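J.: Letter by letter, the chains look like this.
There are 2 protein chains.
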Amino acid sequence: MKKIVIKDSERLIADLSKAYRAVAKQTTIPILTGFHLQFTGESLTITGSDTDNTIQITEENNCSSSKPCAIVVPARIFLDIVRKLPAGEIQLKIGTNEISISAGKSTFEIKTMEADEYPSFPFDDTGVCVEIQASDLANGLRLGYACAVSTTRPTLQGIHIFGKEKAVTFVATDAHRLGTWTVQLEQVIPLPKMILPARAAEEMIKLVEDATDKVTIHCTENTLRMSHQNVTYVSRLISGTYPDTSRVIPTNFSTTFVANRDELVKVLERVSIVSKEGKTNMCRLQVIPSAMPSLLISASQEGMGKVQEEVFISDLEGEMFEMKFSTKYLLDALRHMNVKEVMFHASGVNAPLIIRPTGNEPGFALILPVRSV
Amino acid sequence: MKKIVIKDSERLIADLSKAYRAVAKQTTIPILTGFHLQFTGESLTITGSDTDNTIQITEENNCSSSKPCAIVVPARIFLDIVRKLPAGEIQLKIGTNEISISAGKSTFEIKTMEADEYPSFPFDDTGVCVEIQASDLANGLRLGYACAVSTTRPTLQGIHIFGKEKAVTFVATDAHRLGTWTVQLEQVIPLPKMILPARAAEEMIKLVEDATDKVTIHCTENTLRMSHQNVTYVSRLISGTYPDTSRVIPTNFSTTFVANRDELVKVLERVSIVSKEGKTNMCRLQVIPSAMPSLLISASQEGMGKVQEEVFISDLEGEMFEMKFSTKYLLDALRHMNVKEVMFHASGVNAPLIIRPTGNEPGFALILPVRSV
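Line by line, the protein sequences are chains A and E. The first sequence runs 1 to 373 under the numbering used here. The second sequence runs 374 to 746 under the numbering used here.
By construction, these hints were calculated from the structure, which means they are not laboratory data. Fair warning: this is a prediction, and the values are worked out from it, not measured in the lab. Among the hints, a few may not be true.
[Unchecked claim] In the DSS-like style, the derived pairs of lysine-lysine whose C-alpha atoms are separated by at most 30 angstroms in a straight line are: (1) E:K375 with E:K391; (2) E:K579 with E:K398; (3) E:K649 with A:K3; (4) E:K639 with A:K25; (5) E:K679 with A:K84; (6) E:K457 with A:K3; (7) A:K84 with E:K649; (8) E:K466 with E:K484; (9) E:K639 with A:K276; (10) A:K306 with A:K266; (11) E:K652 with A:K84; (12) A:K306 with E:K639; (13) A:K279 with A:K266; (14) A:K306 with A:K328; (15) A:K166 with A:K2; (16) E:K380 with E:K679; (17) A:K276 with E:K484; (18) E:K652 with E:K679; (19) A:K25 with A:K166; (20) E:K440 with A:K7; (21) A:K279 with E:K457.
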């Protein structure tokens, strides 16, 4: 019987809640439904993992344990118990295959699993390592919106990440639209090419979205590891070769104009009320040249009705155009660009549309038109 | 073509959102998926109904219409459009079978349905009418927790409401537990016996939960109508005879004690982590007499573990007792009683437990024990 005191239950709850995100929810391997807890003196290391994703958190000075020990506790139940106990100190007693958890006049005795049976993970320090500003990393990872959801090409279910000199580039595409973003580093540390699963990108955004400092990325051949403060996240990478997307990006444009991003987002959200009732969620963009040029956006559904919106545009160059696009793809692309103004580049019917932030912003979105039948 | 101006879109959104709750979501009668809108001068009356529940809201001075007219618009889409238009004024143009909705540079044209085909409802002033404090009514209606969810006895799916002299009594039971609550009126206006569907009780609570004034209840043979400010709600009543529940309520008790309600709720929420993993969600209550008597509450699940909690009790009279109850039923009953202390009355193994607020609170909960196998 080993006795352990947790000093502050709220810190424990915060740590467990983070690690819980990686715990397997549906699995045939029961031990993956648990937290691996490692107590060493005043240090507690919590691990949750479904083998594709692992989150490990080390908390110093929030416990005191007489002897080092490790156990695996059922994650959902352990977290529920700790959340509902009175805030403050918690006493743990670890027996052969059970743990007693008590606070005040409340005592739980819960069956545990063998720590030796918990899989070990490659937390080694091999591979290439870069430091990157958390907000820059999150911007790149948010390209996950453009990843394929289900596909016969598994590589498209991830974000392609690669380094070149001082830059790290992120690319995602589902073969109908594409997003790309580039982040500048302080040093020349070229990252190898890798394909990060979209789900891992989502987890990483949640772990760093409030951070204002830097995170460390370690890449080995099969894994990406992100470390930030006392949290380590490891994801398996998608194996395979990412397609060369540079060839599909047009370089000559027949029409170019600038529009206000926030206004466009609101307009497209309204257009979407009508367009989303149809199979293709399609709207029509039409440029009206004049002294005050404007962009008409419209959608209609038989039996329901139609919508027409108009927004002023500026810096119009080139030909008139009228094309149909997925309202959702336009919205996804514009929501990713957290800027005031965006520039549209079109290059003729059936050619892709490019949307990029004005100024020196480091990325763009490409959207294929819906072909008129 | 009739032109109408809505002055303040936010008031319209608030009204539509309330009425939307009664609109049929799944129905074979398309017109019930719409809002019935009746414009008369500066007055707009909005009706949503699935025929069992009807919500009607009359808003004065938020529109100006040239001629009186009525239409039925598709409810979800109309509400979506109005919510997403820029806040402020909205122009409506009503044609033969379509409505144009515009604000700024945004214009929707949506197909409408014939107002003549919308069912009419018994908003007449017959029947008995009482005024009741909104918070008192809500307390009675919250007994819906004890109604049967699915049963071969449809009458148990409702709350039995009846008047006697200056009092209105609410009773609900699912044959395993029962709750009752009595509200005092200012005048002798005996309400007839009626059975209000639990779903209607939920809707009525939502409509009046923020109200600090009185609401008016009108009862006819088949309907209950509640009016509060500019909102009218009508529910069909459940037909049939409610069982006589007075006979099951014990009057002699072998054990009585008082406990703190908030503490008990917290304790039972923790016990529930273990008990809810089993089929019967069962916990054991055990009274321990001593100079400082206490109530032990425990639960265990094979293969998972156990929990034990202790709370101090006071005013203990009578025999020791040890019985098993559904943790959920105990929690439901205690959560309904918004008081500091509750009194428990037990009358022997296999007899129902009674929990009531201390003092002169006007109701109690009765819970049958889980019989030990």
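J.: Taking the hints in turn, state whether each one holds.
T.: Now for the hints, and whether the structure bears them out:
no.: 1; hint: E:K375 with E:K391; verdict: holds (26 angstroms)
no.: 2; hint: E:K579 with E:K398; verdict: holds (18 angstroms)
no.: 3; hint: E:K649 with A:K3; verdict: holds (28 angstroms)
no.: 4; hint: E:K639 with A:K25; verdict: holds (27 angstroms)
no.: 5; hint: E:K679 with A:K84; verdict: holds (15 angstroms)
no.: 6; hint: E:K457 with A:K3; verdict: violated (58 angstroms)
no.: 7; hint: A:K84 with E:K649; verdict: holds (15 angstroms)
no.: 8; hint: E:K466 with E:K484; verdict: holds (12 angstroms)
no.: 9; hint: E:K639 with A:K276; verdict: violated (45 angstroms)
no.: 10; hint: A:K306 with A:K266; verdict: holds (17 angstroms)
no.: 11; hint: E:K652 with A:K84; verdict: holds (22 angstroms)
no.: 12; hint: A:K306 with E:K639; verdict: violated (53 angstroms)
no.: 13; hint: A:K279 with A:K266; verdict: holds (22 angstroms)
no.: 14; hint: A:K306 with A:K328; verdict: holds (17 angstroms)
no.: 15; hint: A:K166 with A:K2; verdict: violated (51 angstroms)
no.: 16; hint: E:K380 with E:K679; verdict: violated (61 angstroms)
no.: 17; hint: A:K276 with E:K484; verdict: holds (16 angstroms)
no.: 18; hint: E:K652 with E:K679; verdict: holds (15 angstroms)
no.: 19; hint: A:K25 with A:K166; verdict: violated (39 angstroms)
no.: 20; hint: E:K440 with A:K7; verdict: violated (72 angstroms)
no.: 21; hint: A:K279 with E:K457; verdict: holds (22 angstroms)
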